[in-house]
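Assemble the complex: chain C is given as a structure, and chain S must be docked to it using the hints.
Residues per chain, in single letters:
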Amino acid sequence: MSDPTSEGVEKAFRHIQVNWDVARTEDNLRLARQKIRRGGRTRIAVSALLLGVGIATGVSYRLLPGAREAARAPSVVEDSSGHGLRFSDGSSARLLDDRSQVEVVAVAARAIDLRLTAGRGEFDVVPDPGRTFTVLVDGIVVRVLGTRFRVEREDRGAYVSVYRGKVQVRWPGGERVLAEGQTAHFPEEVAEPQALPEAERTSTVEPAAPALPAAEISRPAAPVSRARFRALATRGRYAEAYRVLTGAPGVVDSGAEDLMLAADAARLSGHPAEATPYLERIVRQYRSDVRAPLAAFTLGRILLYELGRPAEAADAFALVRKILPEGPLSSDALARETEAAYRAGQRERARGLAEAYMAKYPTGRRLESVRRYGQFE
Amino acid sequence: MAPVGPVDFDRVFREHAAYVAAIGLKIMGRDDDLDDLVQEVFIEAHRGLRRLRDPGALKSWLARITVRRTIRKLRRTRVLMLFGLEAPSDYAEIADTSATPDERAQMALAYRSLERLPAAERVVWVLRHVEGESLDDIAQICACSKSTVQRRLRLAQKTLAQRMSHV
Chain C
1292 MSDPTSEGVE KAFRHIQVNW DVARTEDNLR LARQKIRRGG RTRIAVSALL
1342 LGVGIATGVS YRLLPGAREA ARAPSVVEDS SGHGLRFSDG SSARLLDDRS
1392 QVEVVAVAAR AIDLRLTAGR GEFDVVPDPG RTFTVLVDGI VVRVLGTRFR
1442 VEREDRGAYV SVYRGKVQVR WPGGERVLAE GQTAHFPEEV AEPQALPEAE
1492 RTSTVEPAAP ALPAAEISRP AAPVSRARFR ALATRGRYAE AYRVLTGAPG
1542 VVDSGAEDLM LAADAARLSG HPAEATPYLE RIVRQYRSDV RAPLAAFTLG
1592 RILLYELGRP AEAADAFALV RKILPEGPLS SDALARETEA AYRAGQRERA
1642 RGLAEAYMAK YPTGRRLESV RRYGQFE
Chain S
151 MAPVGPVDFD RVFREHAAYV AAIGLKIMGR DDDLDDLVQE VFIEAHRGLR
201 RLRDPGALKS WLARITVRRT IRKLRRTRVL MLFGLEAPSD YAEIADTSAT
251 PDERAQMALA YRSLERLPAA ERVVWVLRHV EGESLDDIAQ ICACSKSTVQ
301 RRLRLAQKTL AQRMSHV
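So the sequence lines, in the order shown, correspond to chains C and S.
To convert, take the position in the first sequence, counting from 1, and add 1291; that gives this note's numbering.
To convert, take the position in the second sequence, counting from 1, and add 150; that gives this note's numbering.
Please keep in mind that the hints were generated in silico from the structure rather than gathered at the bench.
Incorrect hints may have been included.
Stated by the list, open to error - Lysine-lysine pairs mimicking DSBU-like chemistry, simulated, CA-CA at most 30 Å apart: (1) S:308 with C:1302; (2) S:176 with S:223; (3) C:1302 with S:223; (4) S:308 with C:1326; (5) S:176 with S:308.
Keep in mind that this is a model prediction, so the values were computed, not measured.
In isolation and in its complexed conformation, chain C is listed as follows (with noise of 0.2 Å):
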């Protein structure tokens, strides 16, 4: 292959795919009109009536049978253990123990609908820009921008977590994007800053919030403070959920849902360091809950890209196979294992875990890297 330009190299160019549709365009237009509005360099307001009428357009548009092109609808079949559904688009659906129930509401060209009615699924989406791919859960829509993620109805809602990718969040009352890593329970409780305690308020006029500390967190702290750090954290405000949190660490308390919005509160303000005591937390107490995968993943990214420490990244990703041998993460917590042991110098052990990769995962969309990480290029 020595001509750039040859017929195959253009061709290969040509399956490169965009994946951008009209929930990730509106998406980005709402994000740059809450920057532009930021840089205070605009005088015309936002208007929320077009957008809600763009996407009320849309939902209307999605729900006319007549804009649905039967002929390009993929089939559906159960999955050979009973316990899902494959879809001749690579897509998959697994339910996670035997209570939970899927069903099918519409198998389109343009949409795959499906009602959680029970329990708990996985979801594994092959991306087409062309086909929206939605999870319903009562009044909770949940939809992919993205390809892996799990969806658990609750009592009042869904608790949904992203492995890969991003899935977009609809409730009666708001809307919400989830990228890889982060997970939140559905609908969102708000709790706007109401007559926050004096103390608190000062700590959150801070214009830099300090470092936490790395002791455990004990302390107790109003239930207006937890109540505000969790509708921050929940909400996506990490900046302003980390500065409550710093001004009163007992904010969060011992379970894993808290030590996981703890987490992505310091790392997604900008604090990678102080979210790896609280990953650790979880995986070192609640390796049974269904964050501990997720948790020892992220770790082993942070420790991996934005700690420089890749020896314990490389035992991170390790962990989440251990925890979970089979599990959606297994495939990229390897590859990533592989990368880390590389940069850490350990040769010997990025080329067996990238052997193991390979044979595991033939077709394993990280197999460039692992083959490259395993030396074998």
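For chain S alone, coordinates are given in the frame of chain C:
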């Protein structure tokens, strides 16, 4: 022609976001910075929309902003990678599901080779060979002369040929 007023920002965004995203993705070869890029392009565009006299020039104007912003991102990424602060990308991830393993490998190899080029040469090469733009259009988008485009293309081609011949 009437200038594009600020009230049209949403329309401009909705009509051209996918175009901006496509250019950005093809040049960068990765999706993870794409949302930021699109937002940055339109935030910059928002400041100048009122001054735009010819609505027909909107698309190429957005392309120019996109290229400028993308070059900044590429340079930043290169520095971060130099210090080990940015993970190498799996370029094959942007291929659609119909790509064969060979095609995915070729795409990834080409992008890894493009990493070696100066950002300005990389942009010109991608616009020409991936986006299929004419030399005149590339000159306009990159705000340089046609001869500069040709020179950059020659340099890019030479480097890529050397790089890829070793594989």
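Now the hints, each set against the structure:
At most 30 Å may separate the alpha-carbon atoms for a hinted pair to count; residue 308 of chain S and residue 1302 of chain C meet this at roughly 20 Å. In summary, the hint linking residue 176 of chain S to residue 223 of chain S is supported, as the alpha carbons are separated by about 13 Å, within the 30 Å threshold. Between residue 1302 of chain C and residue 223 of chain S the CA atoms are separated by roughly 26 Å; this keeps the pair inside 30 Å, and the hint holds. A C-alpha spacing of about 41 Å is found between residue 308 of chain S and residue 1326 of chain C, which places the hinted pair above 30 Å, so the restraint is violated.
Between residue 176 of chain S and residue 308 of chain S, the direct Cα distance comes to roughly 20 Å. Compliance with the 30 Å bound is thereby established for this hinted pair.
Checked against the numbered hints above, the structure breaks only hint 4 and satisfies the rest.
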